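Residue numbers (my numbering), protein chains in the order written: chain A, 776 to 1079; chain B, -13 to 278; chain C, 880 to 1210.
I should point out that these hints are in silico values taken from the structure, not numbers from a laboratory. Keep in mind that this is a model prediction, so the values were computed, not measured. The beta carbon of each residue, even a glycine, is placed where N, CA and C say it ideally should be. Wrong hints could be hidden among the right ones.
To be clear about the criterion: a stretch of chain A counts as covered by chain C if any three or more of its residues have a C-beta under 8 Å from a C-beta of chain C, and this derived list gives those stretches [unchecked claim]:
hint : region
1    : 882 to 896
2    : 918 to 930
3    : 1011 to 1018
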Amino acid sequence: MQLARDVDITKKKVRWGEWMIESSLAICATISVVTTAVIIFILAKESMGFFQVVAPTDFFFGTSWVPLFEPSSYGVLPLLWGTLLITFGAALFAIPTGLASAIYLSEYASPKTRSIVKPVLEVLAGIPTVVYGYFALTFVTPLLRMLMPELQVFNALSGAIVVGIMILPTISTLSDNALRAVPDSLRQGAYALGATSYEVTTRVVVPAGLSGVMASFLLAISRAIGETMAVTLAAGATPNLSFTFLESIQTMTAYIVQVSMGDTPAGGIAYQTLFAVAALLFVITLILNIVSQWILSKFREEYE
Amino acid sequence: MNSDLKLASDNIKARHRKAKLFRMFCAGVTWMGAGLLAILLIQVTVDGIKWLDYQFLTSFPSRFPYKAGVKSALVGTLWLIVMIAMVSIPIGVATALYLEELSRKGKFAKLIEINISNLAGVPSIVYGIIGLAIFVRGLGLERSLLSGALTMSLLILPVIIIASREAIKTVPMSIRQAAFALGATRWQTAWAHVLPASFPGILTGVILALSRAIGETAPLIMIGALTYVAFLPEGPMDSFTALPIQIFNWVSRPQQEFHELAAGGIIVLLIVLLTMNATAIFIRQKTEKKLQ
Amino acid sequence: MIKSNFQRFVSGGLIFLSVTIFGSMSVSAEQLRGTVSLDGSSTVFPISEAVAEEFLAVQPRVRVTVGVSGTGGGFKKFLAGEIDINDASRPIKMKEVDKANEMGIGYIELPVAYDGLSVVVNKKNTWVDHLTVAELSKIWQPGSTVTNWSDVRAGWPEMKIRLYGPGTDSGTFDYFTETINGKSGASRPDYTANEDDNALVQGISGDEGSLGYFGYAYYAANQDKLKLVPIDGGKGPIAPTQTTINNGTYAPLSRPIFIYVRPDALDRKEVRAFVDFYIDSAAMLASEVGYIPLPDAVYAGAKKRIEVRELGTAYHKDATPVSANLLDAIK
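Just need the whole structure built from these sequences, with the hints factored in.
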């Protein structure tokens, strides 16, 4: 081991070595920037090719998604709608339950309970999405069909429920962090004024941690939008613009998987539809993520 | 005088009752979440346990359910873990070290930070498409383990970077300052002091990122891993299959036996994940004690 | 061909045993190495999967992969030189022949079995006793306005008819549309399209008003969940069975299914061994998965084609219809 006193850091050799290492680390760091650039470049390039054949207005406002048949139609709204249905249903389930869990964990639960529930939520978060697809197909759908016989085998409701379970830990954990960050002094002050725990929670703590809570909602929604395997297995492969949870629909992600299960050869309009849909997906999730970060930084209330 | 004012104490009983109900509601919802997990695990176990035996682990997939097994899938997954680790850990940790220790914290570093946060939120299927375009088609690597490993590395790189940074941040400034005071350069400090100190945190983060990687199916489907594979890969350029792909394949078949096989495959996958997570926790506890 | 698990076990074991004995007798003890890549039709997939699995017992060091990109998707890869063998549930199209000539890629056409393309409905469907070709066309043609079962035939319920079928890359799709609607690729687009026939089975089995079509093997493997529809091609309703497909009375939906092999791939010993093995075991394995084996003479003709590397297709000369007598085609 070289002792510091033997190393003259003004010596050129050491500085040169330092510079080499710094540069290689910097290069590693730029890989992340390069990745983003590459993603944007590839998505944009193929989408450009796509939009030379299909008018953007047809794509964004068309109501019929029939890319592979003759006559073809490239309106993405049915796919977007399918994604929206799943996300909406999932959020409807996950937001109240996630928030309630977070409140319970941060406000009511004893440390012992926390030590049980928190790991459980972490396990729930770590379960691979294909397992949720399996769960939807073999448990949720048969159960729902017993209650609602007119439910199809492939339907949006099972997909929404299962995606909701999947994003529940995201909301729960992040909101719990946000609520715990609220200083105790605020709670104590409210209790001192005679408020009940319900009032303290809903009128003091949650509003104080609102930025973190809202950010968690947006992140969870972003995750639901990008979810692929559960909806591919459970929700079906029919682009469908009707407002129904009982029928088969197709999300943007399921379309991408379905087309490429045939391992789409390069070139041709079918290949380009993959990129157009993926580009749309990328932009939507990017906007959601940026907005959630912005909310976190701008509206975080500092108390101490 | 009291009759004109509506005091808080008037409906105090009602308000407290409301609070109690609310608390019960929150508790109930939380336990329901735990209950859902229990149902999921029980369902999978009940369906799959009867297929789980030595033969299941050592057989290739077959058209006969009683002969089918996860051998090629399990080996493929293990190959992926090793290859992904070899690619993503050096790059990820190097990036984290750079951002925390060596950079001048200027505009460049800020740009990278924003980048990484956004990359972490990109859906996995977009990574799959990029992998298809760059590795399979662009570099001509075809449906090989290498394509799969590189695609998945891109996917979890942001996660590793973020987790490593968190771990590095927890190292007290005093360690660094002591090293500087003794004349060490930034790199020497980082390599000889900060990295060893943050090692347990980094390792935990890395293992968690890897367990996320091997549970992902969509990117592997995109690069074309969805084929019948009844052999063990012998090199990074070989075709392969992986546990999530095999599970997906079996779930897609309509026969009940294949669904149960899928459950068996899920159990194997969950055991692999559990082992990885337990290792992470174990290492963290062991090395944390050492540093105390 | 309903088989209980025990029957399947026994027949599978017998097949396994006989193929191993047979295979190890016919192939020299030489242990080959290498890869054989197949892709293409989901209809032919059950046969190719079975052949690959049995071949593994004989030549454990040869890696065989089988993909399911659809006949059309498989041809694209075949013509790009990415795969050795294309599973095809229809003959090669003129477009693909032109591309092959343009790329200078040869192909050897080998029929492997007969399929009776099956039309199925949900098990709870009590009203459909048979369908005529005209009714099928009415349901499936492009621009079709059929939405309820009552639109197809008077007296049928007012229930919404939900359609399931293969996607546009599928040879089954090409064949069905050409035979029923008159032009390959002409179909109404508003149905659940999936190259994966397993997904179609799942969908149809859970949907009371459903109707779909795919290769007979997928019906055979799921008879407890599906109801087969006899088709009236002009001579009365006929259901697809071994006999009716073999003697051609199940018309017009009987068809041969193929594999196409690249002649340059045959230079590799492992590919040659695999293809020989395929044709040798096709009769046994095709009927195991639910298809109809061809007459021995046709298989012999196919083996000769491999031997002499005979290129080209028997179709597209004088507009030969696809279900023409295979014996003539193979000569």
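TODO: Count residues of the region 918 to 930 of chain A with a Cβ under 8 Å from any Cβ of chain C, then say if the count reaches three.
DONE: Our answer is that it holds, as 4 residues pass the Cβ test (under 8 Å) against chain C, meeting three.
Open item on the list: Can you tell me if the region 882 to 896 of chain A counts as covered by chain C, using C-beta to C-beta distances under 8 Å and a minimum of three residues?
Closed with: That given contact is violated, which follows from only 0 residues of the region 882 to 896 of chain A lying within Cβ reach (below 8 Å) of chain C.
Task: chain C over the region 1011 to 1018 of chain A, status - at least 3 residues with CB closer than 8 Å - done: Holds, because 3 residues of the region 1011 to 1018 of chain A bring their Cβ atoms closer than 8 Å to Cβ atoms of chain C.
In summary, the structure is inconsistent with hint 1 from the numbered list given earlier, while agreeing with all the others.
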